[in-house]
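Visitor: Which chain is which? The protein sequence lines are A and B, in order.
Quick note: the first sequence uses full-length UniProt numbering, first residue 1, plus one each step.
Quick note: the second sequence uses full-length UniProt numbering, first residue 1, plus one each step.
Be careful, since some hints might not be right.
Once the Cα atoms are required to be at most 25 Å apart in a straight line, the calculated BS3-like pairs of lysine-lysine come out as [as the list claims (entries may be wrong)]: (1) B/Lys144 <-> A/Lys581; (2) B/Lys541 <-> B/Lys581; (3) B/Lys541 <-> A/Lys137; (4) A/Lys141 <-> B/Lys144; (5) A/Lys513 <-> A/Lys540; (6) A/Lys581 <-> B/Lys141; (7) A/Lys540 <-> B/Lys137; (8) B/Lys137 <-> A/Lys513.
Looking from chain A toward chain B, a few residues come up when the C-beta cut is under 10 Å (computed) [stated by the list, open to error]: (9) Met85; (10) Asp86; (11) Ala112; (12) Gly153; (13) Ser177; (14) Arg190; (15) Ser300; (16) Arg422.
Sample of chain A residues with no beta-carbon within 10 Å of chain B, all distances over it, derived [as the list claims (entries may be wrong)]: (17) Glu82; (18) Pro110; (19) Leu148; (20) Thr181.
Because the hints were derived from the structure by calculation, they are not lab data.
A virtual CB, placed ideally from N, CA and C, is assigned to each residue, including glycine.
Protein chains: 2
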Amino acid sequence: MRRAVSAAIGGRATAALRLSLPLPRSLLLHTTQRRSRAVGVSLGRRNNASFFHSKSRDGHAEALGTAVDKEVADGSVRVSIEDIMDRRAKAGRLVALTAAYSDSDMFKGPTANKPKAKRWDHHLSPESAVREPCVLKSAAKHLKNPGLISLGGGLPCAEYFPFESLSLRVPASPNFSEAATRGPGGADLRIGKYDVAAGVAEYDLSIALNYGQANGSAQMTRWVTEHTELVCDPPYADWRCALTVGSTAALEQALRMLCRRGDGVLTEEYSFSTAIETAGPLGVRVVGVEMDGQGLLPESMETVLAGWDESSSGRRPHVLYTVPSGQNPTGATQGERRRRAIYEVARRWDVFILEDEPYYFLQMEPYQKGGSRTVEGGAVAAATMPVNDFLGGLIPSLLSMDVDGRVLRMDSFSKVVVPGSRLGWVTGSEQIIERYIRHAEVCNQGPSGFSQVILHKLLDEQWGHEGYLRWLMNLRGEYTKRRDVILGACETYLPRDVVSWSAPAAGMFHWLKVDHTRHPSFPQQSILEIEEDIFNRCIKKGVLVGRGSWFRAEQHKAPRDMFFRTTYAAATPENMTEAIKRLGAAIRESYGM
Amino acid sequence: MRRAVSAAIGGRATAALRLSLPLPRSLLLHTTQRRSRAVGVSLGRRNNASFFHSKSRDGHAEALGTAVDKEVADGSVRVSIEDIMDRRAKAGRLVALTAAYSDSDMFKGPTANKPKAKRWDHHLSPESAVREPCVLKSAAKHLKNPGLISLGGGLPCAEYFPFESLSLRVPASPNFSEAATRGPGGADLRIGKYDVAAGVAEYDLSIALNYGQANGSAQMTRWVTEHTELVCDPPYADWRCALTVGSTAALEQALRMLCRRGDGVLTEEYSFSTAIETAGPLGVRVVGVEMDGQGLLPESMETVLAGWDESSSGRRPHVLYTVPSGQNPTGATQGERRRRAIYEVARRWDVFILEDEPYYFLQMEPYQKGGSRTVEGGAVAAATMPVNDFLGGLIPSLLSMDVDGRVLRMDSFSKVVVPGSRLGWVTGSEQIIERYIRHAEVCNQGPSGFSQVILHKLLDEQWGHEGYLRWLMNLRGEYTKRRDVILGACETYLPRDVVSWSAPAAGMFHWLKVDHTRHPSFPQQSILEIEEDIFNRCIKKGVLVGRGSWFRAEQHKAPRDMFFRTTYAAATPENMTEAIKRLGAAIRESYGM
Numbered sequence: 001m002r003r004a005v006s007a008a009i010g011g012r013a014t015a016a017l018r019l020s021l022p023l024p025r026s027l028l029l030h031t032t033q034r035r036s037r038a039v040g041v042s043l044g045r046r047n048n049a050s051f052f053h054s055k056s057r058d059g060h061a062e063a064l065g066t067a068v069d070k071e072v073a074d075g076s077v078r079v080s081i082e083d084i085m086d087r088r089a090k091a092g093r094l095v096a097l098t099a100a101y102s103d104s105d106m107f108k109g110p111t112a113n114k115p116k117a118k119r120w121d122h123h124l125s126p127e128s129a130v131r132e133p134c135v136l137k138s139a140a141k142h143l144k145n146p147g148l149i150s151l152g153g154g155l156p157c158a159e160y161f162p163f164e165s166l167s168l169r170v171p172a173s174p175n176f177s178e179a180a181t182r183g184p185g186g187a188d189l190r191i192g193k194y195d196v197a198a199g200v201a202e203y204d205l206s207i208a209l210n211y212g213q214a215n216g217s218a219q220m221t222r223w224v225t226e227h228t229e230l231v232c233d234p235p236y237a238d239w240r241c242a243l244t245v246g247s248t249a250a251l252e253q254a255l256r257m258l259c260r261r262g263d264g265v266l267t268e269e270y271s272f273s274t275a276i277e278t279a280g281p282l283g284v285r286v287v288g289v290e291m292d293g294q295g296l297l298p299e300s301m302e303t304v305l306a307g308w309d310e311s312s313s314g315r316r317p318h319v320l321y322t323v324p325s326g327q328n329p330t331g332a333t334q335g336e337r338r339r340r341a342i343y344e345v346a347r348r349w350d351v352f353i354l355e356d357e358p359y360y361f362l363q364m365e366p367y368q369k370g371g372s373r374t375v376e377g378g379a380v381a382a383a384t385m386p387v388n389d390f391l392g393g394l395i396p397s398l399l400s401m402d403v404d405g406r407v408l409r410m411d412s413f414s415k416v417v418v419p420g421s422r423l424g425w426v427t428g429s430e431q432i433i434e435r436y437i438r439h440a441e442v443c444n445q446g447p448s449g450f451s452q453v454i455l456h457k458l459l460d461e462q463w464g465h466e467g468y469l470r471w472l473m474n475l476r477g478e479y480t481k482r483r484d485v486i487l488g489a490c491e492t493y494l495p496r497d498v499v500s501w502s503a504p505a506a507g508m509f510h511w512l513k514v515d516h517t518r519h520p521s522f523p524q525q526s527i528l529e530i531e532e533d534i535f536n537r538c539i540k541k542g543v544l545v546g547r548g549s550w551f552r553a554e555q556h557k558a559p560r561d562m563f564f565r566t567t568y569a570a571a572t573p574e575n576m577t578e579a580i581k582r583l584g585a586a587i588r589e590s591y592g593m
Numbered sequence: 001m002r003r004a005v006s007a008a009i010g011g012r013a014t015a016a017l018r019l020s021l022p023l024p025r026s027l028l029l030h031t032t033q034r035r036s037r038a039v040g041v042s043l044g045r046r047n048n049a050s051f052f053h054s055k056s057r058d059g060h061a062e063a064l065g066t067a068v069d070k071e072v073a074d075g076s077v078r079v080s081i082e083d084i085m086d087r088r089a090k091a092g093r094l095v096a097l098t099a100a101y102s103d104s105d106m107f108k109g110p111t112a113n114k115p116k117a118k119r120w121d122h123h124l125s126p127e128s129a130v131r132e133p134c135v136l137k138s139a140a141k142h143l144k145n146p147g148l149i150s151l152g153g154g155l156p157c158a159e160y161f162p163f164e165s166l167s168l169r170v171p172a173s174p175n176f177s178e179a180a181t182r183g184p185g186g187a188d189l190r191i192g193k194y195d196v197a198a199g200v201a202e203y204d205l206s207i208a209l210n211y212g213q214a215n216g217s218a219q220m221t222r223w224v225t226e227h228t229e230l231v232c233d234p235p236y237a238d239w240r241c242a243l244t245v246g247s248t249a250a251l252e253q254a255l256r257m258l259c260r261r262g263d264g265v266l267t268e269e270y271s272f273s274t275a276i277e278t279a280g281p282l283g284v285r286v287v288g289v290e291m292d293g294q295g296l297l298p299e300s301m302e303t304v305l306a307g308w309d310e311s312s313s314g315r316r317p318h319v320l321y322t323v324p325s326g327q328n329p330t331g332a333t334q335g336e337r338r339r340r341a342i343y344e345v346a347r348r349w350d351v352f353i354l355e356d357e358p359y360y361f362l363q364m365e366p367y368q369k370g371g372s373r374t375v376e377g378g379a380v381a382a383a384t385m386p387v388n389d390f391l392g393g394l395i396p397s398l399l400s401m402d403v404d405g406r407v408l409r410m411d412s413f414s415k416v417v418v419p420g421s422r423l424g425w426v427t428g429s430e431q432i433i434e435r436y437i438r439h440a441e442v443c444n445q446g447p448s449g450f451s452q453v454i455l456h457k458l459l460d461e462q463w464g465h466e467g468y469l470r471w472l473m474n475l476r477g478e479y480t481k482r483r484d485v486i487l488g489a490c491e492t493y494l495p496r497d498v499v500s501w502s503a504p505a506a507g508m509f510h511w512l513k514v515d516h517t518r519h520p521s522f523p524q525q526s527i528l529e530i531e532e533d534i535f536n537r538c539i540k541k542g543v544l545v546g547r548g549s550w551f552r553a554e555q556h557k558a559p560r561d562m563f564f565r566t567t568y569a570a571a572t573p574e575n576m577t578e579a580i581k582r583l584g585a586a587i588r589e590s591y592g593m
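Construct all of the structure, not just a fragment, from the sequences and the given hints.
Guide: See below:
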């Protein structure tokens with residue numbers, strides 16, 4: 001087990017406030033212990049202008065319309081893992097006790113050369129605009145006073161927490177397989193109740209399992225802030241992160257922050273059904289934007305906005321919800337040029353963007369009939385490929401282009417670590433994140449302490465930023481294999497004269513278009529009726545797929561085409577192949593083939 | 001480590017659906033293994049009409065106005081731990097795989113002789129009324145079909161979860177101290193990734209860490225349902241539980257379910273500040289009801305409702321939010337008679353009740369000057385006192401009196417296990433719980449899987465219902481000691497001629513009334529100004545207390561009295577005494593004594 005940086009006390013991190021029981025002062029005056037972190041691959045300070053978000057080696061990004069990253073092309077230098085570890089060493093050991101206040105500014109690199117985000121007051125709902133800070137949490141400012149005894153907050157005493165320690169068996173980077181984890185190469189991690197007081201860790205059960213701040217612990221805030229800087233490096237100064245209880249919750253909070261009843265929200269014409277179901281009861285109308293193989297079409301977005309008649313349709317939509325990578329349900333991935341065009345339309349019409357990116361790191365190499373080289377080399381690549389090549393090959397996020405601070409990016413561990421952590425994070429401008437936290441304080445109060453301390457132990461102490469990126473490299477290799485299995489099965493078993501598809505470039509979903517015009521019952525039967533017929537035949541034959549109509553942004557409009565959603569995330573390769581075979585049989589039967 | 005019941009497959013529990021990857025069918029056909037659970041104390045089937053919720057031995061409940069429990073007096077027989085364990089053995093091993101559907105009806109005892117709850121359609125907000133089930137979760141009904149392969153839901157494969165096992169060091173009942181836990185008496189628990197497939201447990205990491213149902217796992221739903229039946233035994237048939245991400249979130253959801261902008265919600269005139277802050281931004285007005293030493297006054301509630309002028313003040317409040325035990329901030333505890341009276345007012349005016357009970361189990365024996373017998377005997381009592389005496393001594397909950405199904409009770413582990421679990425549960429009628437779950441599906445999606453599987457391992461497998469009740473008995477003994485310390489310090493160090501209080505009978509808070517009329521600056525200075533002066537002197541002298549005005553339900557009205565809230569939950573006994581000494585000095589200084 002690798003230990004976290006343990007260095008001199010001092011720097012901005014120690015500004016974190018303590019809300020609770022005064023712990024021994026010795027803790028705050030821990031003697032200097034400088035041990036540099038073992039980073040598997042030493043990364044030089046980068047001056048390569050297109051280091052991140054540049055074209056990938058195999059031209060995949062080019063196929064998706066990658067252009068040169070403008071901000072980086074301007075000559076600014078992006079942060080490296082080494083920069084971050086240097087910064088940590090300089091800041092000194094993180095001292096953040098029970099319910100300590102923290103924010104991303106404590107952990108970010110210099111942002112002096114970046115502009116500040118715009119203000120979004122005119123976008124805020126009345127509900128969000130009037131939120132005040134929690135009076136009890138505000139009183140915590142007095143806890144800075146040396147020697148003060150708090151009879152203020154009703155935080156239970158850790159003595160009564162029935163957990164003395166928590167241990168984990170996890171993979172050691174870069175050998176991530178279950179077999180390696182079970183074998184001698186696996187790592188055993190232990191989290192004690194009082195590890196911080198004992199000076200053996202920066203986070204422990206006594207802190208994680210007590211009340212905390214709604215935006216999450218300082219320990220995990222540092223980690224997600226650094227990770228976001230590595231991956232997205234937002235081009236404005238006052239960006240911040242806040243932990244969430246997952247992106248579904250983040251979306252609901254964001255809609256309540258930005259929309260009032262009667263407002264419209266733009267999204268892909270086929271969109272995540274839960275997102276659509278979230279908006280409806282809030283009285284928020286979902287407005288579909290046309291798509292192609294790269295997802296949302298900026299021209300269509302422009303057309304919707306330009307043609308909006310406020311006198312008949314109410315306020316012009318001022319929010320876009322989009323899943324740029326491996327979109328659910330279509331699997332479509334926006335290339336860089338597409339993203340920049342969408343961002344420009346948003347600027348032109350003053351649209352705020354909710355960027356939902358659970359599948360961002362599941363960007364894959366292009367599918368090659370009969371199996372790509374990634375299939376064989378995934379694990380090897382994850383172990384040996386420089387992490388910067390991985391990061392450099394990813395399509396830039398909308399957040400990374402966001403000069404205005406008009407993007408709220410939603411990140412999630414659900415698809416890349418475990419869904420059950422119910423822990424993710426949002427990144428946006430200081431104003432928007434502050435409003436988000438005010439809301440979280442009076443609803444979910446932030447993620448589980450178990451989830452926070454366990455992920456911190458794994459991601460920060462055990463793997464570090466590099467190990468986590470290697471984990472992601474390995475994972476996308478695994479999903480690439482799975483994608484290739486389902487695509488191979490589709491080629492073999494589906495009737496190509498009526499079923500068509502694009503190979504997914506990211507994510508977990510494969511979207512199949514079935515040509516309703518060639519169905520013998522069309523137009524006597526509607527698309528929805530034919531879709532239902534095929535779905536029912538699928539169930540009878542023993543395969544469950546998603547009906548395309550479930551995902552229509554505008555449920556009241558009749559669909560123009562017929563689709564089915566399949567996932568390659570869950571079933572075994574054998575079952576996946578069998579399932580596609582059954583789907584093919586169901587379609588043939590319905591079409592009388 | 002004690003193992004859970006492992007018995008024949010069958011019964012209602014196996015009706016739980018599977019939403020995800022078909023696991024080996026062998027799992028569903030596990031051979032019969034009947035091992036009865038070791039219950040430390042064998043509890044006979046009770047026919048004592050006032051077995052639960054009867055008067056406690058020392059007359060404490062009487063002092064709080066306990067009357068004979070009507071339902072039990074009617075001759076019905078309440079459930080015992082033994083009944084529950086018998087029921088589990090008959091139902092057979094719980095088979096609930098990834099994202100299995102479950103509800104309390106699968107785990108409750110017979111309810112045939114109970115009426116059904118009333119319908120609450122007229123109480124639901126437009127937002128809540130229109131919620132539809134998640135289309136993707138509804139599709140899960142097809143997963144019952146044998147042999148069906150799902151390409152439906154995008155649930156990741158557990159193979160990619162980087163947690164092979166999770167282990168815990170916890171106290172073994174009834175030796176709950178930290179020292180005993182660290183010593184040879186402590187228990188080591190282990191949760192493997194595939195314990196269920198291996199047949200060694202009913203819950204494991206592969207299930208807990210995947211997506212689940214928003215109302216929580218079947219495993220924890222069973223536990224909270226049984227616990228609620230043991231403690232509250234709601235007197236109507238169709239009650240159900242749903243897990244929550246904590247009671248703050250549950251309150252916010254409940255307000256959104258029941259209220260529209262402009263509505264008023266009744267609560268104690270001094271109330272939990274976070275609750276007040278939750279209501280405000282929703283446009284929900286908080287209406288204070290007068291209190292005495294037992295908390296909310298039913299006569300005042302009647303007066304407010306009877307005198308409500310809908311033409312000038314809008315819709316008459318139809319929701320009451322109350323903390324019956326150890327109310328925050330006053331520490332007041334409603335006796336049984338008080339609760340019944342409040343319930344009757346609610347029936348008369350058709351008011352729906354939100355019963356927030358984080359401190360329910362921290363009901364204490366009466367304070368005796370110089371230390372009660374509990375101070376010495378707490379741990380001993382927790383080890384030897386029959387758990388039924390403990391349950392029988394608790395004041396009945398509003399839920400236990402709720403013949404209409406008009407109560408939504410909010411339970412929490414925050415004050416009695418760990419706040420960081422962000423896990424609690426609500427209990428209410430099937431209709432209300434269904435609406436609650438529909439909301440949770442599109443916001444928080446239920447609690448962390450880490451929290452669920454860890455609490456299940458501790459509470460269900462390790463401690464069982466009896467061990468958990470013993471834990472609670474021990475804990476209230478600990479809080480009794482702490483309460484007695486602060487009360488002793490108050491007697492010693494506060495100027496009794498201007499400061500007065502009642503000894504708290506439950507919870508974590510001690511509420512001090514300071515007589516503003518005797519302040520030399522009154523009435524030249526307002527109560528708020530004098531309160532501020534004392535607060536600032538406290539900070540200067542090194543003690544943080546809560547200002548009474550922070551907790552006023554109706555912030556815009558001038559207070560009639562002056563209060564300060566202190567907590568005995570967190571500081572060490574020595575610091576607590578010192579802090580009260582400083583508070584006394586600050587008050588004397590302000591009063592020029």
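Visitor: Look at each hint and say if it fits the structure.
Guide: Do the hints match the structure? See the list:
no.: 1; hint: B/Lys144 <-> A/Lys581; result: holds (20 Å)
no.: 2; hint: B/Lys541 <-> B/Lys581; result: holds (10 Å)
no.: 3; hint: B/Lys541 <-> A/Lys137; result: holds (21 Å)
no.: 4; hint: A/Lys141 <-> B/Lys144; result: violated (55 Å)
no.: 5; hint: A/Lys513 <-> A/Lys540; result: holds (21 Å)
no.: 6; hint: A/Lys581 <-> B/Lys141; result: holds (22 Å)
no.: 7; hint: A/Lys540 <-> B/Lys137; result: holds (19 Å)
no.: 8; hint: B/Lys137 <-> A/Lys513; result: holds (23 Å)
no.: 9; hint: Met85; result: violated (22 Å)
no.: 10; hint: Asp86; result: violated (27 Å)
no.: 11; hint: Ala112; result: violated (35 Å)
no.: 12; hint: Gly153; result: holds (7 Å)
no.: 13; hint: Ser177; result: holds (9 Å)
no.: 14; hint: Arg190; result: holds (9 Å)
no.: 15; hint: Ser300; result: violated (25 Å)
no.: 16; hint: Arg422; result: holds (4 Å)
no.: 17; hint: Glu82; result: holds (25 Å)
no.: 18; hint: Pro110; result: holds (33 Å)
no.: 19; hint: Leu148; result: violated (5 Å)
no.: 20; hint: Thr181; result: violated (5 Å)
Against the hints set out earlier in the document, violations occur for numbers 4, 9, 10, 11, 15, 19 and 20.
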